[in-house]
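Trainee: If you want the building blocks of each chain, they are given just below.
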Amino acid sequence: MSSPPRNSPQSAATEVDLLRIWFRRVVESDATAFESLFRATRENLVRYAVQITGDEATAADMVQEAFLRFWQRRREHDPSGSVKALLFRTVRNLALNSVRDGKRRAQLLAEGYESPVRGTPDPEMAFAGRELAERVREWMEELPDRQREALTLSRFQGLNHEEIAEVMEVAPRTVNNHLVRALRTLRDRIEAHREGSSVQGAG
Amino acid sequence: MMAEQDKRPPFPAQIGSEPDSGSLEEVWGLLDAAAPGGSTEVDSTELDEAWARLAGEIHDLETRPSNRRLAEATGPGDPSSRPRSRIRLAWWMAVAAAAAFVLVGPPATIMVEAGPGEIVSVALADGSSVELNSGSTLRYARWARGDSPRARSVRLDGEAFFEVVPGRSRFQVRTLNADVTVLGTRFNVRARDEPGGGTEVAVASGRVRLAATGVDAGVEVVGGRSSMLPLGSAEPSPASDMALDPILSWRTRGFAAVDRPIGSILAELERRFDTRLEVASGVALEERLTIHYHESRDLESILSDIATARGLGYRAISGGYEIHP
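Protein chains in written order, with numbering that gives the first Met the number 0: chain A, 0 to 202; chain B, 0 to 324.
In isolation and in its complexed conformation, chain A is listed as follows (with noise of 0.2 Å):
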């Protein structure tokens, strides 16, 4: 049966307050909690590790990793801090640790790390609300690798400054001027593309 779209998003300060209680629970040893918090977030962490890894099960091992870690030293951790903080730094550093372990992509660790190859966009998708997004997309592969990462976290993971600093290992102004830069650069892109759009319109 085709389902309708569901229509019952969690508020965001929903979500953040059952994180947590999760991971108050997870540093007691709650196993459930463990679970909820797993189902909760994986989609999101192999999303990002994909990013760095460029290939779909690597990523979801380094996910799985990490929360094999993350159990193994639940007592260490403080459960007043950011769990997504903790949990996407560590997909982080295991997935970069993986691309240079590989020797796949050996110099990319001092730069920075190479983004998946993307398809090209379809030519005929003339519909031009579709070849912005398109644009856009490509844009943001353009970016410098932190300015874009930086990006990616605020934007489609909703982490804050602070706790992008944390897994990024950077300054929160730091994490500031790259999202600025970014966005800049994205602005910039976005309006040549429609002045030019409509230069060609008018001729």
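Any given hint could turn out to be false.
To give an idea of the chain B side of the interface with chain A (calculated C-beta under 8 Å), a few residues [stated by the list, open to error]:
(1) P8
(2) P11
(3) Q13
(4) E17
(5) L23
(6) S152
(7) S303
(8) I305
Anything over 12 Å on all C-beta distances counts as not near chain A; from chain B, calculated [as the list claims (entries may be wrong)]:
(9) R7
(10) E112
(11) N132
(12) S204
(13) G205
(14) D215
(15) V221
(16) S239
(17) G253
(18) E294
(19) S295
(20) D297
Some chain B residues near chain A, calculated using beta-carbon distances under 10 Å [stated by the list, open to error]:
(21) D19
(22) S20
(23) A33
(24) A49
(25) I57
(26) R252
(27) A255
(28) D258
These are calculated hints, taken from the structure and not from any lab test.
Remember, it's a predicted structure, so these values are computed and weren't measured experimentally.
Every residue, glycine too, gets a C-beta built ideally from N, C-alpha and C.
Chain A is already provided as a structure; the job is to place chain B on it using the hints.
Mentor: Structure of chain B alone, referenced to chain A:
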């Protein structure tokens, strides 16, 4: 599992102090289209498998003698056969295992599934029993026996009727969004991940508490009453009187739905009759309907009644039916 949510994180306040923050906020909004992965639904089977793998791995690690892990970590074997991070990991796992928290942690779980068209009875080690409705899954710890606190916790996805024997510890049913805590009682739990779904508890006798997952406060439900915790909500509805008969009709192979969206009813029929129900456009799936058959009834006569009640039509298709306006 819950579908990917279309929620946009708020524009960060820190960027708001930039002189050009207005145009940056506009870009922030436009980025919806560039979300990685597009509109993927969370694949619950994949998630279940990933969880089973993780739980199994942790169980193995925590019950395995520590010297074997140490041998693996330091032995002569071929180090290139495993990624380095794994070997480093093995070191502290060995330490962890030596610390002997053998029975702590997610143990391997037993999973009992009632497939489409099936109703399955499960006897738990403590003497309690569970009757699973079609298309429902019950999971509990492999080493669950006796009356330890952990032994009396089960996870339910779907619908089941519980007869819980009194014990020293509380009995807990965990669902996708709720904890149902009981002492000794008979009650029905319906936990479906569907529009308008959530966890619904109806108590035949005794007393249970329904609370959002991980939340301490909740609603007490006594015999003859029911309460519902919708998906995404932290507060169950106040307990109210209910007719137990329709809620438990599935146990006698009857079928009932009280004030339930048509989409939910059709999904329930698919599970019960192991069939496929296609819905043509123009059928309002969110419209609510109440139907009740105390005893077994064939699918076509139920569809016919629904169609009559809502002015719809239906026709047989390969492997099922299509419902159309």
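Trainee: All the hints need checking, so say for each whether the structure fits it.
Mentor: Hint check:
1. P8: holds (4 Å)
2. P11: This interface hint holds because 6 Å falls under the 8 Å limit.
3. Q13: holds (5 Å)
4. E17: At 6 Å from the nearest chain A Cβ, E17/B passes the 8 Å test, so the hint holds.
5. L23: holds (4 Å)
6. S152: holds (7 Å)
7. S303: violated (18 Å)
8. I305: violated (13 Å)
9. R7: It is violated; R7/B is separated from chain A by about 8 Å at its closest Cβ, not greater than 12 Å.
10. E112: The assertion about E112/B holds, with a minimum of 17 Å to chain A.
11. N132: Consistent with the label, N132/B stays out of reach of chain A, its closest Cβ about 18 Å off (over 12 Å).
12. S204: At about 26 Å from chain A, S204/B clears the 12 Å cut-off, so the statement holds.
13. G205: holds (23 Å)
14. D215: violated (9 Å)
15. V221: Fine: 25 Å to the nearest Cβ keeps V221/B off the interface.
16. S239: holds (21 Å)
17. G253: holds (22 Å)
18. E294: E294/B is indeed farther than 12 Å from all Cβ atoms of chain A, at 25 Å.
19. S295: The assertion about S295/B holds, with a minimum of 22 Å to chain A.
20. D297: Consistent with the label, D297/B stays out of reach of chain A, its closest Cβ about 19 Å off (over 12 Å).
21. D19: At 7 Å from the nearest chain A Cβ, D19/B passes the 10 Å test, so the hint holds.
22. S20: holds (9 Å)
23. A33: holds (4 Å)
24. A49: holds (6 Å)
25. I57: holds (6 Å)
26. R252: violated (22 Å)
27. A255: violated (19 Å)
28. D258: Check failed: Cβ of D258/B comes no nearer than 17 Å to chain A, outside 10 Å.
Checked against the numbered hints above, the structure violates hints 7, 8, 9, 14, 26, 27 and 28; every other hint is satisfied.
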